[in-house]
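I would like the entire structure built from these sequences, with the hints used as guidance.
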Amino acid sequence: MKILVCPLNGPRPVTEFAYGGEIRHSPDPATCSDAEWSSYVFNRSGSPGAKYEWWCHIASGFWFVVLRDTLRDEVIATFPAEAVRQGLLTETRGAGR
Amino acid sequence: MPHRLLRFGLSRKHPEPRMFARHDALRPAYDVVIIGAGGHGLAAAYYLARDHGIRNVAVLDKGYLGGGNTGRNTTIIRSNYLTPEGVKFYDDSVRLWQDLAADFDLNLFYSTRGHYTLAHTDAAMRTMRWRAEVNKHFGVRSEAVDAAFVKRGIPSIDMSCGGHAPILGALFHEPGAIARHDAVAWGYGRGADRRGVEIHQQTEVTGIRLRGGRVVGVDTTRGSIATSKVLCAVAGFTPRILDMVDLHTPIYVHPLQAMVSEPLKPWLDPIIVSGSLHVYVSQTARGELVMGASLDPYELHATRPTLDFVEGLAAHMLDMFPFLSEVKVNRQWAGLADMTPDFAPIMGLTPIEGFFLDAGWGTWGFKATPVCGKTMSHTVATGRNHPLIEGFAFDRFARYRLTGEKGAASVGH
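From first to last, the protein sequence lines stand for chains F and C.
Using the working numbering, the first residue of the first sequence is number 1, and each one after it goes up by one.
Using the working numbering, the first residue of the second sequence is number 1001, and each one after it goes up by one.
Everything labelled a hint here was simulated from the structure, so no lab data went into it.
Here the structure is a predicted model, which means the values were calculated and not measured.
Do not take every clue at face value.
Said to hold, decoys possible - Estimated spans, in silico, between C-beta atoms of each pair: (1) F:59 - C:1246: 37 to 45 Å; (2) C:1285 - F:90: 32 to 40 Å; (3) C:1204 - F:87: 46 to 54 Å; (4) C:1206 - F:75: 43 to 51 Å; (5) C:1318 - F:59: 22 to 30 Å; (6) C:1206 - F:5: 57 to 65 Å; (7) F:29 - C:1158: 37 to 45 Å; (8) C:1031 - F:7: 37 to 45 Å; (9) F:80 - C:1064: 41 to 49 Å; (10) F:90 - C:1163: 47 to 55 Å; (11) C:1002 - F:14: 53 to 61 Å; (12) C:1121 - F:33: 27 to 35 Å.
Stated by the list, open to error - Stretch-level coverage of chain F by chain C, calculated; a stretch enters the list once three of its residues show a Cβ under 8 Å from a Cβ in chain C: (13) 36–44; (14) 67–74.
Claimed, not checked - Here are the computed lysine-lysine pairs in the DSSO-like style, where the Cα-Cα straight-line distance is at most 27 Å: (15) C:1151 - C:1136; (16) C:1062 - F:51; (17) C:1328 - C:1136; (18) F:51 - F:2; (19) C:1088 - C:1151; (20) C:1328 - F:2.
Even glycine gets a Cβ: it sits at the ideal position worked out from N, Cα and C.
Now the structure itself:
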């Protein structure tokens, strides 16, 4: 059983969590081009690396951020959801997608 | 070992027959370079050489032949899809499968079994009727059948599925079949090799050289090659190759796991799929049950399997077949599935001239091996997308013209 350490609930089996995908920032729909918008809607950073992801502890409904190496399945760090708004997630893959 | 046999084995006069030649070095240039020596890549090489006369072709693989998803799938072949594009495409594939063994002069253990997609709810029955009608419209033998028909076809099934998911009916697809997946890669590999194609294993592509928006060469761990055409057929490794040419796609990678039981006496003739229970199962000629389920729930680029998977799948198998409770699981493994948002592949031309893609094959690629080879070889040879793959074009996302195959492509989505 894989274990994920939740910032609120501590170490829990990974089956208690839902994966919410990589954190992505939408372009401004009022000013971006059609190509930028469709790229935002569909395209993903598919290759492996350290990615910031949304995860939710289902039983407590608690959303948080995980920085995870998707090649080795290793959690590098976890953050409260506020970190996204506060701009604290600095380590990027440089993919810019 | 008897002495006479050993002498025979060591004799130079009787070398072990090889399926394909080993080449010491790469040539400086090829007409076409195919990345990925799986079923899809080798099939494309085979048809390029056989049907289009293009023989100066290299197939490169960073691992070994057929070591990716070609050797990791559950070998189910069917064409009971949902969209007209999908049904026509996979039906062509099923027809190609049926005389592939004669083509190769190699036994593929192609075995037509009949394929049941079980429906446990009214909503699922409605989808089965929809698929049956689309299938019949294109001449594919599929029928929505009732519970009594299912019970006659699979006498050993618990029709109540443990009491919590009673079977109401099914989509029955008569041409559903299984085959020996390694033999498919070997057959295409040998056929391509005999026609002059070079297969280079343990040759990793490290870069693709472009000039003015077109392909001019490929860098590998064994040297550089000049070429104007590259076909990328690498399943779960697609995003890493696309990064080399700076192409962006919706492809995301999750592991897909499978397992086999110990061998049993033959008792399960048809192939059984249940979307509600997240199970597909068939019994091989050896007697093993080959079982699969839905995708792992999050992105991962590693093939280490999990105990959670075995527990979950075994529980659902026991819902259908409680008498298997003493049967042991022999092996489990995982492959990397390159998923797309509409559960259809991404095939053909790309914005980079000379760079062709055969990807997005997620959990549904094995059955399409022959037709992918046919259509991709046509596309590479002529520089135009084959008519059968127009619904799978690279630019369909930018045009919001998706080919929604989710209802028929796999289980548990």
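Hint-by-hint comparison with the structure:
Restraint check, residue 59 (chain F) to residue 1246 (chain C): a C-beta distance of roughly 42 Å satisfies the suggested window 37 to 45 Å. Separated by about 56 Å at the C-beta atoms, residue 1285 (chain C) and residue 90 (chain F) break the suggested range of 32 to 40 Å. Checked against the given bound of 46 to 54 Å, the beta carbons of residue 1204 (chain C) and residue 87 (chain F), roughly 38 Å apart, lie outside it. One distance hint, 43 to 51 Å for the beta-carbon pair residue 1206 (chain C) and residue 75 (chain F), is violated here, with the actual separation near 29 Å.
One distance hint, 22 to 30 Å for the beta-carbon pair residue 1318 (chain C) and residue 59 (chain F), holds here, with the actual separation near 26 Å. Distance hint for residue 1206 (chain C) and residue 5 (chain F): a CB-CB separation of about 36 Å, inconsistent with the stated range 57 to 65 Å. Range check, residue 29 (chain F) to residue 1158 (chain C): about 51 Å between beta-carbon atoms, so the 37 to 45 Å window is missed. Checked against the hint of 37 to 45 Å, the C-beta distance between residue 1031 (chain C) and residue 7 (chain F) comes to roughly 56 Å, which is inconsistent with it.
Taken as a hint, the range 41 to 49 Å holds for the pair residue 80 (chain F) and residue 1064 (chain C), whose Cβ atoms sit roughly 45 Å apart. Here the CB-CB span from residue 90 (chain F) to residue 1163 (chain C) is close to 53 Å, well matched to the stated 47 to 55 Å. Our hint of 53 to 61 Å for residue 1002 (chain C) and residue 14 (chain F) holds, since their Cβ atoms are close to 54 Å apart. Range check, residue 1121 (chain C) to residue 33 (chain F): Cβ separation about 43 Å, and the 27 to 35 Å hint is violated.
Restraint check on the region 36–44 of chain F versus chain C: 6 residues with Cβ-Cβ distances below 8 Å, three needed, restraint holds. Note: the region 67–74 of chain F has 4 residues with beta-carbon separation from chain C under 8 Å; the three-residue rule is met and the coverage holds. About 23 Å separates the Cα atoms of residue 1151 (chain C) and residue 1136 (chain C), which keeps this hinted pair within 27 Å; it holds. Taken as a hint, the residue 1062 (chain C) and residue 51 (chain F) pair is honoured in the structure, with Cα atoms around 25 Å apart against an allowance of 27 Å.
A distance of roughly 40 Å separates the Cα atoms of residue 1328 (chain C) and residue 1136 (chain C); the hinted pair therefore is violated under the 27 Å criterion. For the hint linking residue 51 (chain F) to residue 2 (chain F), the alpha-carbon distance of about 19 Å falls within 27 Å, and the restraint holds. Simply put, residue 1088 (chain C) and residue 1151 (chain C) have alpha-carbon atoms about 30 Å apart, too far for the 27 Å limit, and the pair is violated. Pair hint residue 1328 (chain C) plus residue 2 (chain F) holds up; C-alpha atoms about 23 Å apart against a cutoff of 27 Å.
In the structure shown, a violation is registered for the earlier hints numbered 2, 3, 4, 6, 7, 8, 12, 17, 19, in ascending order.
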